[in-house]
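Asker: Now for the letters of each chain:
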Amino acid sequence: MLELILKPWPWYISGPMISLVLLLLLWSGKTFGMSANLRTMCAAMGAGKRYDFFDFNWKDQIWNLLVVVGAIGGGFIAAQYLSLGTTMDLNPQTITQLQQYGIQDAGTAFMPEALFGSDNWNDPKVLGLLIVGGFFVGFGTRYAGGCTSGHAITGLSNLQLPSLIAVVGFFIGGLFINHLILPLLL
Amino acid sequence: MIRSLIFLVIGLLFGITMYKSEAASWFRIYEMFQFQAFHMYGIIGSALAFGAVFTFLLKRNQASSFLDGSKLSLTDKEKGWKRYLIGGTLFGMGWALTGACPGPLFTLLGAGFFPILIVILAALLGTFAYGALRSKLPH
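Taken in order, these protein sequences are the chains called A and B. The letter at position 57 of the first sequence is residue 57 when you use my numbering, and the numbering goes up by one with no holes. To convert, count from 1 in the second sequence and add 1000; that's my numbering.
Don't read these hints as lab results, they were simulated from the structure. Remember, it's a predicted structure, so these values are computed and weren't measured experimentally.
DSS-like mimics (lysine-lysine), calculated; alpha carbons at most 25 Å apart, straight line:
#1 B:Lys-1071 / A:Lys-59
#2 A:Lys-30 / B:Lys-1077
#3 A:Lys-49 / B:Lys-1136
#4 B:Lys-1082 / B:Lys-1136
#5 B:Lys-1071 / B:Lys-1059
Looking at chain A on its own, in the form it has when it is part of the complex (with noise of 0.2 Å):
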């Protein structure tokens, strides 16, 4: 049992555990959505002075931050006391891919060091990636509405034609960079 949960998890493990955090949520009277709370924390750092998005009580939101610290703490957990390694069962042809960028890492980090790694991010080219990524990911969802949590699985659980527009788009724009611009970058 113990070293179940000490590898990788599968797939099937995975996504019905995706699933009891939705349905906990839901059944508290909450709703699955990560994004919310890059709003909730605008909004509590005074965004609500200067524009009307953010001019809600925040405090209601307060649960979501809670799931955000577990989240951060799951991390944490995970990493330290949960994993035996950071081997990673990538498709071989990911691998050469890759490795044929200079990321050499692909298989056996669980994240790549040439864009997370500590001497790296100060790099312009990476710096730059990471800023316009995460911006892109925060203005994004909010336009969207909501990100893979709300629309990929809250949103399609519950048939809104919405999330899966919303899904097409993700889909968009992720194969445009993962094919055409991210071979430029790397």
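Assemble the complex: chain A is given as a structure, and chain B must be docked to it using the hints.
Answerer: Structure of chain B alone, referenced to chain A:
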């Protein structure tokens, strides 16, 4: 107090799952957009399948909150397509670049990948920019 603890535990469960499933890994997102593995599609697909059953059951039984008996928030999304398609496409671009959607952003911070803080700050800035420009954007 108990209520706070419940949301903290749900978050823990979510964070552990994001890490252990490798859904928080840049590599898995790259592989997903290359269509080179079933892994991410299996995760999202099975979460969705079970999620749809759970959502259906909560609705059919007209369940109320187990915490305070209040009504569940199973509301319909606003109609329209522009904001979903344009916003979704922009988010997809960010997802493919950073390999992180908003949940994993926080999980990766806990796992000790500190450059993710730059992504989180940029995401806050992006959210703020949307709030500032909202009235000028097509929805």
